[in-house]
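Below are the chains, spelled out letter by letter.
Protein chains: 2
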Amino acid sequence: MTDSADRLRAYAGMKVLVTGGLGFIGSHLSAKLVELGSDVTIVDSLIPDYGGNAYNVRDIADRVHINYSDIRDPWSIRHLVRDQDVIFNLAGQVSHLDSMTDPRTDLEINCAAQLSLLEALRAENPEARIVFAASRQQYGRPQDVPVTENHPLIPVDVNGINLIAGEAYHLLYNDVHGIRATSLRLTNTYGPHQLMKHGRQGFITVFLRLALEGKPIKVFGDGSQLRDFTYVSDAVDAFLRAAVTDACYGRALNVGGIEPHSLLGVAELCQELAGAGGAVERAPWPPEREKIDIGSIYVDHGLLTDLTGWTPQVDIGTGLHRAIDFYREHGNHYWT
Amino acid sequence: MTDSADRLRAYAGMKVLVTGGLGFIGSHLSAKLVELGSDVTIVDSLIPDYGGNAYNVRDIADRVHINYSDIRDPWSIRHLVRDQDVIFNLAGQVSHLDSMTDPRTDLEINCAAQLSLLEALRAENPEARIVFAASRQQYGRPQDVPVTENHPLIPVDVNGINLIAGEAYHLLYNDVHGIRATSLRLTNTYGPHQLMKHGRQGFITVFLRLALEGKPIKVFGDGSQLRDFTYVSDAVDAFLRAAVTDACYGRALNVGGIEPHSLLGVAELCQELAGAGGAVERAPWPPEREKIDIGSIYVDHGLLTDLTGWTPQVDIGTGLHRAIDFYREHGNHYWT
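These protein sequences, in sequence, are chains C and E. Just so you know, we're using this note's numbering here: the first sequence kicks off at 1 and counts up by one. Just so you know, we're using this note's numbering here: the second sequence kicks off at 1001 and counts up by one.
Bear in mind the hints are in silico, worked out from the structure with no lab data behind them. Do not rely on the hints blindly, as some may be mistaken.
[As the list claims (entries may be wrong)] One side of the interface only, derived from the structure: several residues of chain C facing chain E at Cβ under 7 Å:
1. I47
2. P103
3. A112
4. L115
5. I161
6. A165
7. V176
8. G178
9. K291
[Unchecked claim] Beta-carbon label-pair distances, calculated as ranges:
10. S1069(E) x D315(C): 33 to 39 Å
11. P126(C) x Y1055(E): 18 to 24 Å
12. G221(C) x Y1055(E): 54 to 60 Å
13. E1213(E) x N150(C): 43 to 49 Å
14. H330(C) x E1124(E): 45 to 51 Å
15. D1102(E) x G214(C): 55 to 61 Å
16. E1124(E) x H198(C): 43 to 49 Å
17. D1006(E) x P284(C): 40 to 46 Å
18. T318(C) x G1178(E): 43 to 49 Å
19. A247(C) x E1127(E): 48 to 54 Å
20. L1046(E) x A61(C): 52 to 58 Å
21. Y1055(E) x H177(C): 37 to 43 Å
22. A1061(E) x R72(C): 37 to 43 Å
C-beta atoms are modelled at their ideal positions from N, C-alpha and C, and glycine is treated no differently.
With the rest of the complex left out, here is chain C (with noise of 0.2 Å):
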């Protein structure tokens, strides 16, 4: 912990821009580096059904910059990556359905946008770090768990594909042109700020949803899948510790948690520290989720340990029930 104290030391007095900053993960960022006395700059375009939020800033709202652009407008985004030290990229479009029914919006977004971003850094500030916000499901089906880095990247959605292309570019600006690109495989991340209205923020929400309300939670399945789940300080922690430390440039890495969870555990989990009544129930896979739902996936993340010193401190019963918590006082923002 010291070594992180140490390293995390860097970010007083940096100039940081967080694209998404207004959402779910890169508010907690944001709060995190305006508590480490850096300059914060956010970029969110609170496109509906995204994730960003003006509640998610209300502590800090006085002590960062907010910006409204939208990452695919490229002029605006040339001129705020100028001066920034750090650049955390954690705009995107996040939903795997709406990937297929609207591949084309996902794609401007995850892909060609993430192009023009790092275009205007090569024009206006190569010397930037940069670190890209990826997901676990580039890889797809695993063909074995855990899933390393170096897994074959055989997506089953759009979002996927479109996805290893935003990846891509940055490690090849980096490898290229100099510019220092980390980019971090999520995989399930969860906690306080999740959007709850809907599930394009992943399942979790709306387990927690249904569990505070008192109803029930549908498994699809058997309920064994198993998977890995990441509260969000942790994720945090992640994107502080790449963006100052030099291995990881030019790398991409797996985020993942302290053990893997099945989703029916994960859903009784949710119903017993809710406390609300509800019971969990199994149900036959919906026919378009189960075309691309990929089974058990679990994810190495020893490679970002052994770089940066990074491990998952919270476990899924603390982190569940901080959720809970939260979405108890706070839900009527997040849920409408």
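Given the coordinates of chain C, work out where chain E should sit on it, guided by the hints.
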């Protein structure tokens, strides 16, 4: 060969669309399809410097439909794919260097237009079969040779990244939407009909032109880098077989050559066959080319052979000889 003849008989009476059909490989493919009795529609936008050339179809112009349009135009494509039995999808931006100076255009053509073409098929003609022209450039610097289809994809330029996405969309639409799609990863394809006025269609065009003009050929480094070379009629045969072989759908398949050759050896062979007195010189790497060079690479095409019976038939000496004869007679249509 009987097997092959049987297989290709399926093309008699088929409606076939060839995107990029006025280009190098597309024009040879279209001519072969006419010979096999297909009803061929060529789509080409004749973007300057991209390889489309009306002269390439001089012998078949009255037996094909030529439709001038850009695959980035989703509405004309939506109309054109209707009722086609097979789509050979060869339209693309092929210059690695251009993809680094104008990455957005490369993305629009090799990535975004592919997605909209597949969306058009999904909406208008999900029964069609489609074969995508991909590239061994997707592998990047090989970890070992020969490269199989399972080799990691870590490209060294934007073109390689966008082709990965373009290919992945095809395979995904096969798996999820049932559109029978195959991707062929081509190496250095060569022969008549290549644009020779610059090096955008690969170093072999530069070598051939210099040899015909009796000028020295510069080989970067020591010239020992190995490559494989596919004569264009062999590439055409791979496309034709892949489209009518059920076992190919949903797969990416390497298309290689008979055996690898060094760049120095090929340069010397070009000079020898052209007989115009030019020499081969070694030169230091230009920095912008060295950055995206990948060393020796050649592929294992055993999977394509297993599935379709395809093997390359034309050795490098025969192929270069034919190419030199062609350009000696018709070169004025290809280098101005």
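Violated hints - listed by number, lowest first: The structure conflicts with hints 1, 8, 10, 11, 16, although it agrees with all the remaining ones.
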